[in-house]
Structures are given as structure tokens and as C-alpha cells.
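> Make the full structure from the sequences, and use the hints.
If you're matching them up, the sequences are chains A and B in order. Under our numbering, read the first sequence as residues 731 to 840, first letter to last. Under our numbering, read the second sequence as residues 2 to 122, first letter to last.
Hint data in this document are derived by calculation from the structure and do not stem from the laboratory. Keep in mind the model is a prediction, meaning the values are calculated, not measured. There may be inaccurate statements among the hints.
[As the list claims (entries may be wrong)] Listed below are the simulated BS3-like cross-link pairs for lysine-lysine, each with C-alpha atoms no more than 30 angstroms apart in a straight line:
hint, chain 1, residue 1, chain 2, residue 2
1, B, Lys44, A, Lys836
2, B, Lys66, B, Lys44
3, B, Lys14, B, Lys66
4, B, Lys44, B, Lys14
5, B, Lys66, B, Lys77
6, B, Lys77, A, Lys773
7, A, Lys773, B, Lys44
8, B, Lys44, A, Lys776
9, A, Lys836, A, Lys776
10, A, Lys773, B, Lys66
11, A, Lys773, A, Lys836
12, B, Lys66, A, Lys776
13, B, Lys77, A, Lys776
14, A, Lys773, B, Lys14
The lines below spell out each chain.
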Amino acid sequence: QSVLTQPPSVSEAPRQRVTISCSGSSSNIGDNAVNWYQQLPGKAPKLLIYYDDLLPSGVSDRFSGSKSGTSASLAISGLQSEDEADYYCAAWDDSLNGWVFGGGTKLTVL
Amino acid sequence: EVQLVESGGGLVKPGGSLRLSCAASGFTFSTYSMNWVRQAPGKGLEWVSSISSSSSYIYYADSVKGRFTISRDNAKNSLYLQMNSLRAEDTAVYYCARDSRWLGNRYFDYWGQGTLVTVSS
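Right, dumping it as C-alpha cells:
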């Protein structure tokens with residue numbers, strides 16, 4: 731049972747838009763920034779979004795992040811087959827004094 | 002180019018010990034906090050431990066507290082994870098990850114390729 735809650739899977743057709751939700755609490759998302767990581771099959775995780783909605787250099791602007799209260803979302807527009815991956819949200823938790831991750835969402839591009 | 006290379010994984014019996022290493026290059030290691038994150042087979046990511054740049058601040062997940070010890074050697078640009086009293090549920094790929102900051106908020110901007118630890122009799 732992960733501290734942050736994500737849907738286990740989402741799917742959408744190529745060129746469409748999909749969103750992945752991440753729900754937490756006041757001690758994590760409500761009080762700290764949310765980061766998103768992409769993990770391609772068989773690869774190490776890669777930073778996708780940091781500080782709620784900022785894109786690291788080199789990350790496509792088809793990816794975007796947002797946060798409201800104790801929830802955050804990752805949106806991917808113009809879906810491509812190469813976007814098929816697992817996506818994780820993460821935040822520092824002030825109560826646990828540690829990082830917490832969502833359970834991960836597997837994206838399938840139909 | 003930032004590189005993080007983990008080593009030290011392998012097969013160990015329950016109750017045994019293992020020491021993981023992470024060799025860092027391409028950045029000033031002594032100025033960054035570092036982390037260990039693990040991923041059990043077919044499961045999600047789980048943060049294990051964090052250590053500040055000068056080792057002044059150390060944090061552990063409850064699941065490993067009292068059994069694992071994180072440390073670093075800034076002169077050798079290396080991060081370590083000493084794992085004792087290993088259990089089957091510690092079986093996972095262990096990643097080291099660099100901890101960066103932006104306006105006081107932190108994130109893991111670089112990850113190693115991971116090293117597999119298997120705890121089994």
C-alpha cells in the first residue's frame with residue numbers, strides 16, 4: 731500500500747492526451763513539491779517533472795505537471811508509442827521524514 | 002557527464018549481509034545529497050535512505066531502519082549501503098540517485114543503472 735495513490739494503469743490511442751493522477755495528504759503533496767519519474771521497460775527511472783510542473787532540460791514539452799491541494803497530475807499530450815512506460819509520482823513526507831512514491835501507473839499506447 | 006554506477010549486488014542468504022557501492026563521476030559529489038531507492042521484482046519504487054552532502058543528516062525508511070546503514074566517502078566519490086539481517090522482502094534492484102534542489106525543493110535528477118540483490122536460501 732503506497733502512501734501516494736496512483737491508478738495502476740491507463741491507456742489511450744496515439745496522438746491523444748492522457749492524465750495520471752497522484753493523491754496524497756497534507757504531510758506530503760500538500761506541503762511539498764511533487765516530482766514525476768518515467769521508467770521505460772528494463773531501464774532505470776528518469777526524472778520527468780520536478781517542483782510540481784517544471785521540465786528538466788531535454789524532456790519533451792508534451793509532458794506537463796500540475797498540483798492542487800493534496801493531489802497532483804501528470805499530463806501527456808500527443809501520445810507516442812515510445813511513451814509506453816511506468817510513471818511514478820514522489821514527494822517528501824514531513825510526518826515520515828522520508829520520500830514517498832506512488833505505486834506507479836503503467837501507460838499503454840493503444 | 003553525470004554517471005552513477007552501482008555494484009555489490011548478488012545472492013545472499015536470509016540473515017546475511019551485503020554492502021552496496023555507488024561510484025559517482027561527472028559532478029562535484031561532495032556538494033550533493035544522495036539516496037538509495039529500491040524496486041522489488043515487478044513492483045514499484047521504494048525509497049530506502051538519504052544522506053546529506055557532509056553526512057550530517059541521514060534518513061531511513063521504516064522498513065530498513067536498524068538493519069541498513071548509509072554512508073559516503075567524499076574523497077572517493079562513493080556512496081555505500083551496508084545491509085545487515087537481510088530478509089526475503091529486501092530482494093530488489095537497488096538504485097543510487099542524486100538529490101538536487103530548486104528553491105528549497107528536492108528531486109532525484111540522476112539515477113544509476115541499479116544492482117540486483119537477491120535474498121534467498
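> Now, for every hint given, state plainly whether the structure supports it.
Status of each hint after checking the structure:
As the CA atoms of Lys44 (chain B) and Lys836 (chain A) are separated by approximately 11 angstroms, the hinted pair is consistent with the 30 angstroms bound. The straight-line distance between the Cα atoms of Lys66 (chain B) and Lys44 (chain B) is roughly 21 angstroms, inside the 30 angstroms bound, and the hint therefore holds. The hinted pair formed by Lys14 (chain B) and Lys66 (chain B) meets the criterion: a straight-line CA distance of about 19 angstroms does not exceed 30 angstroms. Using a Cα cut-off of 30 angstroms, the hinted pair Lys44 (chain B) and Lys14 (chain B) holds, with the two alpha carbons roughly 21 angstroms apart.
Distance hint between Lys66 (chain B) and Lys77 (chain B) is fulfilled; the C-alpha atoms sit about 26 angstroms from each other, no more than 30 angstroms. Between Lys77 (chain B) and Lys773 (chain A) the alpha-carbon distance is near 27 angstroms, which keeps this suggested pair within the 30 angstroms criterion. With a C-alpha separation of about 14 angstroms, the suggested pairing of Lys773 (chain A) with Lys44 (chain B) holds against the 30 angstroms cut-off. The hinted pair formed by Lys44 (chain B) and Lys776 (chain A) meets the criterion: a straight-line CA distance of about 17 angstroms does not exceed 30 angstroms.
Distance check on the hinted pair: Lys836 (chain A) and Lys776 (chain A) sit about 15 angstroms apart at the alpha-carbon level, within 30 angstroms; holds. Our distance criterion of 30 angstroms between C-alpha atoms is met by Lys773 (chain A) and Lys66 (chain B), whose separation comes to about 28 angstroms. Between Lys773 (chain A) and Lys836 (chain A) the CA atoms are separated by roughly 14 angstroms; this keeps the pair inside 30 angstroms, and the hint holds. Taking the CA atoms of Lys66 (chain B) and Lys776 (chain A), the gap is near 26 angstroms; set against the 30 angstroms cutoff, the hint holds.
Distance restraint check for Lys77 (chain B) and Lys776 (chain A): the Cα-Cα separation of roughly 25 angstroms lies within the 30 angstroms cut-off, and the hinted pair is therefore satisfied. Pair hint Lys773 (chain A) plus Lys14 (chain B) holds up; C-alpha atoms about 27 angstroms apart against a cutoff of 30 angstroms.
Checked against the numbered hints given earlier, this structure breaks none of them.
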